[in-house]
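Q: Protein chains in written order, with numbering that gives the first Met the number 0: chain F, 0 to 73; chain L, 0 to 217.
Derived from the structure by calculation, the hints contain no laboratory data.
For every residue, glycine included, the Cβ atom is placed at its ideal position computed from N, Cα and C.
Take the hints with a grain of salt, since some may be wrong.
[Said to hold, decoys possible] Chain F residues, not near chain L, derived (Cβ > 12 Å throughout):
#1 Glu13
#2 Arg22
#3 Ala26
#4 Thr32
#5 Arg55
#6 His60
[Stated by the list, open to error] Simulated DEER-style distance windows between Cβ atoms:
#7 Ala24/F - Lys57/L: 41 to 47 Å
#8 Asp1/F - Glu4/L: 35 to 41 Å
#9 Val40/F - Asn207/L: 23 to 29 Å
#10 Asp104/L - Arg22/F: 25 to 31 Å
#11 Arg68/F - Pro206/L: 18 to 24 Å
#12 Gly138/L - Gly41/F: 48 to 54 Å
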Amino acid sequence: MDELVAFIVTHLVEHPEAARVERVADAKGSTLTISVAPGDVGQVIGRQGRVIKAIRTLVHHADPRAHHRVQVRA
Amino acid sequence: MNRREVESEGRSAEEAIERALVRLDLPRDRVEWEQLEAGRPGFLGLGSRPFRVRVWEKLPEATEVAASLLTEVIRLAGFTLQRVEWAPAGDEEHVLLKAYAEGADGLAGRHRDGLDALQVLLNAMVQRAVKDGTCQALGQRIVLDLNGARARRDEAVRAQARSLAEQVRATGQAAVLKTMNAHERKVVHLLFQNDPELSTHSEGEEPNRHVVIAPRSE
Numbered sequence: 000m001d002e003l004v005a006f007i008v009t010h011l012v013e014h015p016e017a018a019r020v021e022r023v024a025d026a027k028g029s030t031l032t033i034s035v036a037p038g039d040v041g042q043v044i045g046r047q048g049r050v051i052k053a054i055r056t057l058v059h060h061a062d063p064r065a066h067h068r069v070q071v072r073a
Numbered sequence: 000m001n002r003r004e005v006e007s008e009g010r011s012a013e014e015a016i017e018r019a020l021v022r023l024d025l026p027r028d029r030v031e032w033e034q035l036e037a038g039r040p041g042f043l044g045l046g047s048r049p050f051r052v053r054v055w056e057k058l059p060e061a062t063e064v065a066a067s068l069l070t071e072v073i074r075l076a077g078f079t080l081q082r083v084e085w086a087p088a089g090d091e092e093h094v095l096l097k098a099y100a101e102g103a104d105g106l107a108g109r110h111r112d113g114l115d116a117l118q119v120l121l122n123a124m125v126q127r128a129v130k131d132g133t134c135q136a137l138g139q140r141i142v143l144d145l146n147g148a149r150a151r152r153d154e155a156v157r158a159q160a161r162s163l164a165e166q167v168r169a170t171g172q173a174a175v176l177k178t179m180n181a182h183e184r185k186v187v188h189l190l191f192q193n194d195p196e197l198s199t200h201s202e203g204e205e206p207n208r209h210v211v212i213a214p215r216s217e
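Next comes chain L alone, as it looks inside the complex (with noise of 0.2 Å):
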């Protein structure tokens, strides 16, 4: 898609804005500008020189449209999306987006591989709409999340993890966590990330990869 874009001239950048917003039917919030030109006032029309402006259509945030593609994915899946929250998600890679949507827990899934599924297609979505030039790049994925499903699964996940821990710590042998999604591999490499006894790493190939919990060699 291209972008819709001006260029317009004025007694003053502000003048020749107003006049590129009439143009593209735009309010002042929906559009970014530069100066191509800065001008002159004159005297009584003499040495004046107007000042030119090129002014562009803002295209929206990724997160409008990650959050609008959201709403109408559960709305066709029978559901209302009350509600979203951005937040960090813990590295620089990845955006938390919390969902909520009442009644649409079993979209997630018993296994929660539905609410993985809508958010591989969301991050799908995105990207093509970023690719299309109808939104801002994202330069993150989004980690979805549904009515708390994510984060429970998660909490689940850290139990499990701390719990062999426990053992490796007192065996002093390395103990295998059962296969897990990179995300929730994640979960547990962050647990232990400051541990001064244990280590943590993956082995084996996808979809069968899993986490090591070892004791920290000398």
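Chain F with its partners taken away, still in its complex shape (with noise of 0.2 Å):
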């Protein structure tokens, strides 16, 4: 899932050396934290969040019986 959400974040922003994934695992499930350049954060959240809402779809039909929250930061 983590290789997944790299190679979508990689593809999307203008700096993809800076981007990492990060997972944590906890009791419900995993929280993957993607960081990117200051720069991009827009790319990957997208107008009105598109982008970021795809990802998260993306990310529960590729495993739906985990829980995987995706989340953003800079």
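Please dock the two separately framed chains into a single complex, following the hints provided.
A: Right under this line is the structure:
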């Protein structure tokens, strides 16, 4: 899952070298934290959150039984 | 990304291109070229002038890049993309990408929201590649179908619209379809665009926009 999100994120941003995806497992599932260069946050979120919403939906469908939360930070 | 290009010379344009290919280390079908100066063969080296050309690496088509991005996304999601097919999408602004991956129906989602998500991400990734100069411009939005899920969904939307249309014809009263996304609304508009009795339009704000089917007024 981390790899899937990392692949997508690095192909969305202007500075792929600065992009990271970290996963922290917790009781409910896990939290995926996407970190990108400050100027690239908008690329990962998209207009009206379209892109981040799509990432969350895809993550959910790729592994419906796990509860992955996805967050973005610069 | 800077495009890879060289200028080169030869006794003919062909020779100049061949030399450029060696320097670029690319096969002939991966480059485009233009002539900068038409040379002259001359006689025994007298009055001869070399042909000069500029040769550059041809960028891959956006469709090729889109297919390989989708292949990788599907692989990382645990499936194998077996086949893709490009088709017209019914208007100038869109192109249809039909993808087939065995067992990947779950990715599309029961309400096809997964398919829409994949489509949003694929378009965003292709636009990034175009912006980075790693592929040619596409100029169209990709409409993605996976294992026929969108085609089936569109047919279900048409069936609902036809059934409501019968009601509108019978009663003469306008009626409202359930909330739909832009693609589904377009499917409905296209269905009735040449209908002599009925017209359609959309009302409401996203994400609660829906189509109204109404009798055509005089």
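Q: It remains to establish, for every hint, whether it holds in the given structure.
A: For each hint, the structure was consulted:
no., hint, in the structure
1, Glu13, "8 Å, violated"
2, Arg22, "14 Å, holds"
3, Ala26, "24 Å, holds"
4, Thr32, "18 Å, holds"
5, Arg55, "8 Å, violated"
6, His60, "4 Å, violated"
7, Ala24/F - Lys57/L: 41 to 47 Å, "46 Å, holds"
8, Asp1/F - Glu4/L: 35 to 41 Å, "38 Å, holds"
9, Val40/F - Asn207/L: 23 to 29 Å, "28 Å, holds"
10, Asp104/L - Arg22/F: 25 to 31 Å, "26 Å, holds"
11, Arg68/F - Pro206/L: 18 to 24 Å, "22 Å, holds"
12, Gly138/L - Gly41/F: 48 to 54 Å, "23 Å, violated"
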